[in-house]
Amino acid sequence: MSPSIEPTQELNAPEPEHCPGPESDLAGKEDACQGCPNQEICSSNTVKGPDPDLPLINARLSQIDHKILVLSGKGGVGKSTFTSMLSWALAADDSLEVGAMDLDICGPSLPRMLGAEGEGVHQSNSGWSPVYVADNLGLMSIGFMLPDPDSAIIWRGAKKNGLIKQFLKDVNWGEHLDYLVVDTPPGTSDEHLAVTTYMKEVGVDGALIVTTPQEVALLDVRKEIDFCRKAGIKILGLVENMSGFVCPNCKGQSQIFKPTTGGGEQLCKDLNLKFLGSVPLDPRIGACCDHGRCFFDEYPDSPATTAILDVVDALRDQVELDMTKLTLE
Amino acid sequence: MFKLSRRYIVSSLRAYHENPLGIPRVGKGPAPTMPRSQKGLPIRQKIPNVKNIILVSSAKGGVGKSTVSVNTALALNSLGAKVGLLDADIFGPSVPRLLNLQGEPRLSSSGKLIPLSNYGVQSMSMGYLVSPEQAVVWRGLMVMKALQQLLFEVEWSPIDYLVIDMPPGTGDTQLSIGQLLQVNGAVIVSTPQDIALIDAVKGIKMFEKVDIPIIGIVQNMSHYICPNCKHESHIFRSEGARRIADEHNLKTLGSIPLDEEICLQSDAGKPIVISNPDSESVKPYFDIARSILDFTK
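Chains as they are written, first to last, in the UniProt record's numbering: chain F, 1 to 329; chain R, 1 to 297.
Please note: incorrect hints may appear among the correct ones.
As the list claims (entries may be wrong) - Below, computed lysine-lysine pairings styled on DSS-like, alpha-carbon distance capped at 27 Å:
#1 Lys251(R) <-> Lys51(R)
#2 Lys230(R) <-> Lys159(F)
#3 Lys270(R) <-> Lys283(R)
#4 Lys200(F) <-> Lys165(F)
#5 Lys258(F) <-> Lys251(R)
#6 Lys258(F) <-> Lys270(R)
#7 Lys297(R) <-> Lys230(R)
#8 Lys251(R) <-> Lys209(R)
#9 Lys145(R) <-> Lys230(F)
#10 Lys251(R) <-> Lys283(R)
#11 Lys209(R) <-> Lys297(R)
#12 Lys159(F) <-> Lys205(R)
#13 Lys230(R) <-> Lys205(R)
#14 Lys145(R) <-> Lys165(F)
#15 Lys283(R) <-> Lys258(F)
#16 Lys274(F) <-> Lys230(F)
#17 Lys205(R) <-> Lys251(F)
#18 Lys82(R) <-> Lys230(R)
#19 Lys159(F) <-> Lys145(R)
Calculated directly from the structure, the hints in this document are not laboratory data.
For clarity, every value in this text was computed on a predicted model and none was experimentally measured.
Please work from the sequences and hints to get the whole structure.
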């Protein structure tokens with residue numbers, strides 16, 4: 001049920017010409033307001049109803065079955081890489097419609113990783129249409145809207161919130177989307193708060209936490225888990241990335257980022273979370289991401305491919321088994 | 001002179017918007033505010049007792065900014081300079097772990113925070129002010145105010161260099177530091193792959209926009225030498241940062257390999273410059289330190 005937009009106090013008379021609007025910040029204080037019978041009501045700011053954009057966001061998001069956030073307090077652990085792998089893996093199933101949304105406004109990596117660099121976003125009266133990198137995989141990112149890919153986006157929090165709201169409200173994913181995977185920036189700040197607030201009514205299926213085995217990364221991941229608990233987001237599980245490296249020459253195994261305190265597995269045992277799997281380091285992943293190619297297609301026999309596909313299967317089980325409102329056909 | 005230094009209990013103070021770090025006010029005056037010029041923009045200031053300010057930044061996360069900051073600060077210390085380290089990452093402070101420090105900082109007689117020291121380097125971080133499990137979930141305004149307090153309400157003993165470890169991104173923190181401080185130079189860290197370099201270039205453009213001189217680029221995680229067969233693997237591609245440095249007419253300050261020891265010793269709280277000073281991997285940090293000394297002469 002979407003909230004209705006009843007003003008908390010009715011206006012006495014119809015609004016004059018050049019009225020700034022009873023909901024705007026300048027209500028009751030503009031020149032056009034002098035002499036308007038509503039001036040007292042407007043300037044006392046009691047006509048502010050609930051946010052009128054929320055019902056529109058709810059309408060868009062209710063067409064999406066499953067929404068997954070990819071989080072990690074730490075930067076550089078492989079969130080965007082994992083989001084792109086997850087999107088490719090889900091899109092490999094032709095019966096699913098998948099969407100990927102890149103909320104990292106300062107450093108958008110998904111356009112490059114999914115091979116869609118240089119594309120543009122089309123606007124129509126039904127909303128913004130995402131860039132389709134495959135028949136059933138659509139992508140939305142601020143990377144498509146920049147005139148110059150090298151230019152830095154130095155925005156404060158309020159402006160980022162406005163953009164995230166537009167992403168959620170205006171992007172037309174089609175009639176129905178099975179999965180929406182959302183890539184977030186590192187930290188626990190404006191972007192995370194915004195996406196949690198706007199998606200609160202419709203609900204997020206859960207968050208996937210990515211980490212590397214070392215303690216310096218786990219410190220930040222613990223904070224992110226605390227954030228999820230405070231914001232009421234269900235944690236679907238934890239993935240340990242970059243754990244283990246197989247030398248291409250001698251096939252000897254070595255741990256570059258040593259898990260000095262037990263790594264991701266120990267953290268899951270301590271905090272009672274599901275451990276979805278660990279993915280080894282493969283130099284070819286970096287090369288594929290840089291060129292926007294799908295790693296599974298190019299190197300299906302790599303141990304990293306089997307590890308990632310196991311994690312995706314475990315994740316799908318977690319998400320789809322939760323749909324208690326499914327009926328038996 | 002009798003010095004009043006008292007501890008304060010973080011858990012019992014609520015964070016107010018004009019005082020997010022909860023520092024108790026000494027004296028009856030109003031809270032300190034930033035001096036502003038005619039147009040309302042803040043005037044760039046120097047921090048008292050600090051001669052040079054160096055930023056270690058990269059718009060991309062996870063490339064090794066904190067590791068490079070700590071090891072470069074320690075290298076500068078070994079070369080004879082007095083160094084302080086400020087961790088400007090409010091959401092994910094790593095410096096306490098890297099320097100093996102914890103605990104609440106004391107207050108000086110003028111109501112400022114006293115930095116904690118280890119290995120001859122003074123440091124201040126958000127990590128000392130919140131417990132490690134607690135998430136700091138703040139919007140931009142609180143972050144700005146907290147950063148202002150971390151910059152100007154810390155009592156450093158006289159130091160030659162203040163190395164500031166920046167968080168990832170090009171947002172509130174970077175903008176605030178660009179507007180509030182007179183910075184002598186910035187070092188940009190990146191890994192060799194394109195995905196990290198596209199963000200590093202954004203970092204370069206950002207510093208050009210706010211008129212901060214760039215000392216050079218550091219290439220981190222450039223290659224990995226297998227401990228068994230000594231084969232060199234380029235896990236995150238090769239020589240990308242050097243290419244970008246040449247394109248933008250910047251110096252490549254150092255090329256740091258992936259070494260298991262760096263990660264192991266960092267987690268243990270003994271950075272590699274202190275624990276294995278003769279290792280091959282330590283030389284690039286000294287190169288970076290010497291470049292900083294040359295740049296700021």
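Checked hints:
1. This hinted pair checks out: Lys251(R) and Lys51(R) have alpha carbons roughly 23 Å apart, not beyond 27 Å.
2. Annotation: proposed proximity of Lys230(R) to Lys159(F) is violated, straight-line Cα distance about 50 Å (limit 27 Å).
3. The hinted pair formed by Lys270(R) and Lys283(R) meets the criterion: a straight-line CA distance of about 17 Å does not exceed 27 Å.
4. Of the pairs offered as hints, the one joining Lys200(F) and Lys165(F) holds, with about 13 Å between alpha carbons and a cut-off of 27 Å not exceeded.
5. Proposed proximity of Lys258(F) and Lys251(R) is contradicted: the alpha carbons are some 32 Å apart, above 27 Å.
6. Between the alpha carbons of Lys258(F) and Lys270(R) the distance comes to roughly 15 Å, so the proposed pair stays at or under 27 Å and holds.
7. Of the pairs offered as hints, the one joining Lys297(R) and Lys230(R) is violated, with about 40 Å between alpha carbons and a cut-off of 27 Å exceeded.
8. A distance of roughly 19 Å separates the Cα atoms of Lys251(R) and Lys209(R); the hinted pair therefore holds under the 27 Å criterion.
9. Restraint check for Lys145(R) and Lys230(F): the C-alpha separation of about 23 Å stays at or below 27 Å, so the hint holds.
10. As the CA atoms of Lys251(R) and Lys283(R) are separated by approximately 17 Å, the hinted pair is consistent with the 27 Å bound.
11. A C-alpha spacing of about 24 Å is found between Lys209(R) and Lys297(R), which places the hinted pair at or below 27 Å, so the restraint holds.
12. As the CA atoms of Lys159(F) and Lys205(R) are separated by approximately 20 Å, the hinted pair is consistent with the 27 Å bound.
13. With a CA separation close to 38 Å, the supplied pair Lys230(R) and Lys205(R) exceeds the 27 Å bound.
14. In summary, the hint linking Lys145(R) to Lys165(F) is supported, as the alpha carbons are separated by about 25 Å, within the 27 Å threshold.
15. Taken as a hint, the Lys283(R) and Lys258(F) pair is honoured in the structure, with Cα atoms around 22 Å apart against an allowance of 27 Å.
16. The suggested pairing of Lys274(F) with Lys230(F) holds, with an alpha-carbon distance near 19 Å, which does not exceed 27 Å.
17. Restraint check: the Cα-Cα separation between Lys205(R) and Lys251(F) comes to about 42 Å, which exceeds 27 Å; the hinted pair is violated.
18. For a cut-off of 27 Å, the pair hint linking Lys82(R) to Lys230(R) is broken: about 38 Å separates their Cα positions.
19. Simply put, Lys159(F) and Lys145(R) have alpha-carbon atoms about 18 Å apart, close enough for the 27 Å limit, and the pair holds.
Hints 2, 5, 7, 13, 17 and 18 from the earlier list are contradicted by this structure; the remaining hints agree with it.
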